[in-house]
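K.L.:
Here is how the chains run, residue by residue.
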Amino acid sequence: MSAAVAVGVLVAGGAYLVLQRGLLRVVLGFVLLGHAIVVLVLAAGGDGRGFPLPGNGAGAPADPLPQAFVLTAVVIAFAVTVYLLGLLRAGSTEPGPDDDDARGPG
Amino acid sequence: MSLLVVLAVLGGLAAAAPLLTRVLGRDAGYVLAAGFLGVAALLAVQAPTVLDDRTVDWRAEWIASLGVSLALRLDGVSLVFSLVALVVGALVLAYCCRYLSDAAARGPVYPLLTLFAAAMVGLVLADDLVLLYVFWEITTLCSFALVSTAGAKAAGPGRHALVVTVVGGLALLVAVVLLTLATGTTRLSSVLADPDAVLASPYAVPIAACVAVAAFTKSAQFPFQSWLPGAMVAMTPVSAYLHAATMVKAGIYLLVRMSPLFAGQPAWSAVLVTVGLTTALLGAVQALREHDLKAVLARSTVSQLGLLVAVIGVGTSTALAAALLHTMAHALFKATLFMLVGIVDKETGSRDIRELSGLRKVMPWTATATAVAALSMAGVPPMLGFVSKEYLFMGLLSADVTPWAGPVAAAVAVTASALTFAYGARIVHGAFGGPVEQPELYEPAPAFLAPAAVAAVVGVLAGPTVSLLDPVLDSATTDALPGSTPPSIYAWHGLSPELAMSVLTVAVGLVLFWQRDRVDAGLQRLRFPDGPALFTRGHDALLALGGRVGALDRSPALAAHLSRPLLAVVALGGVGLATTGALPARVGDGDPGRWLVVVLLAAAVLGTALATRTVALVALVGVTGLFVSLWLLLSGALDVALTLLLVEVLTAVVLVLVLRDRPLRLPAPGPRRWPTAVLALAVGLVAAGATAAFTGRRDLSAAGTFFLDRAEELTGGTNVVNTVLVDFRGLDTLLESVVVGIAALGLLLLGTATVPHPTDTDDVLLRVGTRLLAPGMLLLSAWLLWRGHDEPGGGFISALVAGIAVALRQLASGTVPTRAWLEPRVLLGVGAVLSVGVGVAPLVVGEALLTPFSLLPFLSSALVFDLGVWLMVLALVVAVVQALGARPERERVDA
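Just so you know, the protein sequences line up as chains A and B, in that order.
full-length UniProt numbering applies: residue 1 is where the first sequence begins, and numbers increase by one.
full-length UniProt numbering applies: residue 1 is where the second sequence begins, and numbers increase by one.
Some hints here could point you the wrong way.
As the list claims (entries may be wrong) - Simulated coverage check for chain A against chain B, where a stretch passes if three residues somewhere in it have a Cβ under 8 Å from a Cβ of chain B:
#1 2-12
#2 29-40
#3 76-87
Calculated directly from the structure, the hints in this document are not laboratory data.
Even for Gly, the Cβ is constructed at its ideal location relative to N, Cα and C.
Okay, chain A solo, but in the shape it has when bound (with noise of 0.2 Å):
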């Protein structure tokens, strides 16, 4: 249940931040919500397990198909974080009347 409560959290906090003003929170809104994601696909591979090492004696390994793909994932979330990190930072060289940053105090 604690993975529910999680993406509930994380969803709620990244809409919130996406539908705010300002390219930056859009952003980190969605890197928000790709957190969401994570624990999601996590959790669909079950709960109430431990390490995915066999014979660590740690209880039960998790199932560590989820895992492969949300290991991926991550680095994807990365790459398109970044990706729209290098947008904000273009537009912001050229201030057009959409983009809230450029027109910050300072």
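Following the hints, complete the assembly by docking chain B onto the known chain A.
P.N.:
Okay, now just chain B, sitting in the frame of chain A:
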């Protein structure tokens, strides 16, 4: 086997065509034509088998799981259509050798024409519905490409032709799927052998409708006919081939081929006969009012195809024999006429009968050949066209759906044929009659005239000797209509109703020609809907509709844009709440310590929502990530937790790089803060509810059990997650690394106008610390990579560690270490080559893709694969640092 050779030779000729034209210039067409004739001979030597009412078959597995095979079959019908395609193709290619300039011949025309022929022959030989469909679409694409070689003026007509015929192709695909559903096989001969299975199935009507639509679009039948006249913007040899022997004849072939299923069904007959005769009449009337010789011929093709469709619709053995015979006759006279019109066009510079006059005096041989072909088209004895038209009349008269169907169909056909006579006369008289106006012209070179002349002569000789074709037609008709007794074909069958109809046709045609000025004046007053314009309007309207539908979801404001999918999630949650019934009980609840993590996580997330300063927001998002990592760790996902932790560190470094020149204060939140918060909470609630409902309610999955039990034995690795990544699901991992690489390339493209960021940190601790740390981190990275197969680590994790070293270096000193091997492109390339190479290597020895193997005692393929992943992920990090770490050009100017 010989059938495979046929297709292989044609494919080889298409592939060799560019080379041949480079060496031989336009004369390469002769080589290709000889190749076509050779292939035709290959098929012809099989004729005795076919005439003996047996078939020649070849087959190989293709998609075994669907029962789809590469099945080819030569029977009477396919023999007729393939020989027509090959012989006419040979003539057209020989004609090309004098029509084209050397420069034009080096273009795509020769390879495309050859491929076109190959696709057409493949289409008529295919004994598998899926294969038939594939060849069908190749002919569509070839014809589009050939029409497009005419340049900019072909853009509109080319698109028209493509869209109409592709729609027909989709209809054929639907028919293929439904036929497979109805009969349980994709084998065409099996489907045709059991008409009752198709007719009794609920799909019978949709199948027949889709087949008809496919054939009508391909063969330019009403109301789809207008693409074919438009497609005559193509160069003349292309038009000749497209109109005479390929493309449009594919529709005719399909209808003949499907006749065992539908012939004699009243609805099928009614539709085909009605549509065919409407098209025949419409095409003939429109042909008679054209001034452009090529346009007359293009409209004429529409009309002749209409007659063919109608007679196939009648579906008796006489009718189908007539259709097959007329297909041959039409191929001969239409190819001849197109080639001759091309000659006139080349010699005089015009195809307009209002500008041409008296060419019979200066080009007597061309005039004779045109007259002969036109007489065949008009159905005048003793030409082959006369015989085939007699049988067309006979076939239409045999229509027996209702008592009056035969006479009415025959009357319409006589009208269309009289118009045919008239426009045939219009062609000959328009170009060659009247006073000589261009006395300086002369006969084309014999080699230019020869292909057309050969076709014209064959058209004359085949008339009286038509009974030689009897065995072929007999066999083909039996294939098209199993169990029927085909009529014997004679050039002359006495005083019959058909002869009377022919006499009437010629008489009316002569009257129309005699009164040509009045007829022309009358016809010019007729107004027909402009097909291409209608198509363009419809096409534009469809695109505009798409634009309007898309505009609903296209908003410059990000929040308005993103709130829609979020609202959809809430709606989905409502649906889920209403429809989800009782759920299985939960299985286990894991480490209770995770609840504490979740509480801390919630506090951090709340903080991100309230943050007003950049630093606070970035720090809180980082903290959130750390708590998520902790949760993952407590859930047993060690590798994932480690990866996320490293990603968080790296993200923090990148954020600092991006944000160090930016305002510290975030922009004020949007105006509608509370509605946004309510929506966000609702989405979170739905997500939480769905997670609670659908996870944690079963024990280990079957796949998970398999991996845990067998991973070590199968791969030699003890880190099961890593073995899943690099061994079991290596292809996934490879493609995901490619996604990472694409992001890296995207960043490189974004960050062009940049200069190195000046060193602006006076943080000695950071500078010195980084220097000391970097080598250690690279060693750590190497160690993690090495042990990844057995213990937590692996390509992704170790690359992130190395990446952090690179990024810290940039942060501390403001420069990226510039070494050639550290260029993202180099890293990406080497990484991709390593991963793909080690994945593909097992194929050489016949093993499956990505089969693990051992290179050296301590170097497994998995490690090399992981090294490739390592390089690609590192490439991303270096790209990030290069693109985002440097200061944008504009800011430097400002400073």
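K.L.:
Taking the hints in turn, state whether each one holds.
P.N.:
Structure-based check of all given hints:
Evaluation of the coverage hint for the stretch 2-12 of chain A: fulfilled, as 11 residues show C-beta separations to chain B shorter than 8 Å, against a requirement of three. A count of 7 residues in the stretch 29-40 of chain A with a Cβ less than 8 Å from any Cβ of chain B is obtained; the coverage claim is therefore met, three being the minimum. Only when three residues or more bring their CB closer than 8 Å to a CB of chain B does the claim for the stretch 76-87 of chain A stand; here the count is 11, and the claim holds.
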